[in-house]
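Enquirer: Sequence:
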Amino acid sequence: MRSDIEIAQSATLKPISELAQYLGLNDDDIELYGKYKAKIALNTWERIKNQPNGKLVLVTAINPTPAGEGKTTTTVGLGMALNRLGQKAIIALREPSLGPSFGVKGGAAGGGYAQVVPMEDINLHFTGDFHAITTAHNLLAAMVDNHIHQGNALNIDPRQVVLRRVMDLNERALRNIVLGLGGKADGIPRESGFDITVASEIMAALCLASDLMDLKERFKRIVVAYTYDGRPITADDLKAAGSMTLLMKDAIKPNLVQTLENTPAFIHGGPFANIAHGCNSVMATQIGLKLGDYLITEAGFGADLGAEKFLNLKCRYANLKPDAIVLVATIRALKNHGGVTKDKLAEVNMAALEKGIANLEKQLENLNYFGPPVVVALNEFPGDTQEEIELVRQKCAALGAEMALSRVWAEGGKGGEELAQKVMAATAKPSHFNFLYELEQPIKSKIETICQKIYGAAAVNYSKQANDQIARFEELGYGNLPICMAKTQYSLSDDPNALGRPTGFTMTIREVRLSAGAGFIVALAGTIMTMPGLGKTPAAEKIDILPDGTIVGLF
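Anchor point for the sequence shown: position 547 equals 547 in my numbering, and the numbering is continuous, going up by one each time.
Any given hint could turn out to be false.
Said to hold, decoys possible - Straight-line Cα separation of at most 35 Å, DSBU-like style, residue types lysine-lysine; simulated pairs:
id, residue 1, residue 2
1, Lys321, Lys184
2, Lys464, Lys429
3, Lys395, Lys342
4, Lys216, Lys290
5, Lys14, Lys35
6, Lys14, Lys342
7, Lys453, Lys429
8, Lys290, Lys220
Honestly, the hints are just simulated from the structure, not real lab data.
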């Protein structure tokens with residue numbers, strides 16, 4: 001079979017203006033970025049906001065493994081399948097980060113015959129949103145250091161500047177640095193570092209904002225430092241929010257592209273799911289709901305991270321309620337959770353499969369806390385046996401979930417029709433929606449609810465630093481914010497090697513951070529890098545461009 005990029009490069013794309021017209025958008029609603037990309041004008045929302053909403057479907061997955069689960073591929077394929085069945089479906093995804101694209105993944109726009117295109121543009125600079133986020137963030141950082149250099153009228157303690165700088169590449173050498181070296185004219189020396197752009201609070205704020213002025217208000221609330229007497233200093237104190245918002249005036253507009261089968265797709269924003277909340281923008285989701293019968297969106301990593309944050313954070317701020325949830329798994333990934341190494345996943349091993357299904361069962365239980373009906377999408381691989389498939393189906397049925405085989409990677413929309421039919425049936429069922437916790441609960445109570453209910457932890461411990469930070473945030477009036485957990489994506493616990501469904505473990509919260517602008521408290525468990533590094537053989541070594549402009553090696 002051809003590579004992903006070869007499939008994408010052979011696709012027949014429709015002019016994006018034609019897709020916009022299909023969605024009911026006019027020439028004033030779109031701003032063209034070439035022939036196959038467009039942004040949605042900000043005033044479009046005022047025209048369509050009173051239209052009825054379509055059905056909202058969230059796609060999530062079991063804990064990811066090296067075997068792959070295909071969550072984005074399933075999201076894309078499901079949207080295409082719904083359109084094949086006569087529905088007006090729209091997809092909403094996050095934008096890929098250049099860091100993973102040149103680091104490990106080599107691209108992130110779906111796979112096989114279920115991709116969004118133009119794939120090369122989406123995986124590279126796209127419409128410049130990440131560059132705008134990077135610049136707005138670093139402008140704020142520059143204004144912090146300039147204020148200290150210019151006399152420090154706000155009494156900022158240089159040892160308590162919490163805002164780091166960002167860049168959209170994996171660069172371990174910049175994780176920890178010293179600024180201001182060189183003499184008096186070059187600033188005040190202090191320790192700092194870089195995070196990757198997708199970990200920036202600017203990114204999280206963009207993806208939770210309802211409009212440009214809401215984004216400006218969120219920027220004003222960003223805490224950048226503390227004074228010598230412990231008072232928080234915000235971007236508003238530095239008079240930075242206006243300039244930052246100006247830099248975001250185009251980046252805030254959702255991007256419209258298409259799939260290989262010309263299904264409309266909004267791709268906008270991209271916060272990491274193990275550091276931030278892992279969902280595309282509220283604006284793209286809300287616009288998509290007004291323009292289609294179905295809006296299919298995904299949340300990053302497994303249901304314990306992305307889905308939990310989508311449901312507790314994004315739905316809370318945007319007043320959303322999913323009509324159904326799709327949980328993605330593969331036989332191979334389940335066997336990996338059952339202890340089978342990557343090189344032996346093609347072998348039939350019913351005992352390991354049954355053991356690994358415990359991860360799927362736990363994620364199903366987690367989603368059932370929230371209320372919407374769940375459909376399991378089992379991505380079929382050529383070596384999967386009927387016995388293995390039936391075991392997964394039986395386990396899903398025991399927990400009240402339908403299961404559908406998905407072949408969208410190999411067959412595109414046609415391979416997702418069974419899944420699409422079951423999703424349509426699920427969205428027709430009456431359902432309710434619950435949050436996992438109430439905002440009025442203390443910070444520790446909210447953290448422990450997530451750790452014990454979603455992860456299955458027996459207990460939660462806090463470092464002295466975390467205890468001090470929680471006490472400080474509650475004293476400063478931030479105790480009613482929701483929680484954004486930062487932990488490994490590979491396990492339900494904070495140990496990436498604890499696969500399947502670990503029990504009896506203790507979660508350790510080592511640090512707690514405030515994201516007052518985005519609107520949540522970040523609780524860090526285990527070792528989480530906010531600036532990844534490149535591997536021994538990064539994907540960048542295989543990516544190239546030929547004399548005729550053809551891109552190769554990008555997945």
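Enquirer: Decide, hint by hint, whether the structure agrees.
Expert: Now for the hints, and whether the structure bears them out:
no., hint, in the structure
1, Lys321 with Lys184, "violated (55 Å)"
2, Lys464 with Lys429, "violated (47 Å)"
3, Lys395 with Lys342, "holds (23 Å)"
4, Lys216 with Lys290, "holds (24 Å)"
5, Lys14 with Lys35, "holds (9 Å)"
6, Lys14 with Lys342, "violated (40 Å)"
7, Lys453 with Lys429, "holds (25 Å)"
8, Lys290 with Lys220, "holds (30 Å)"
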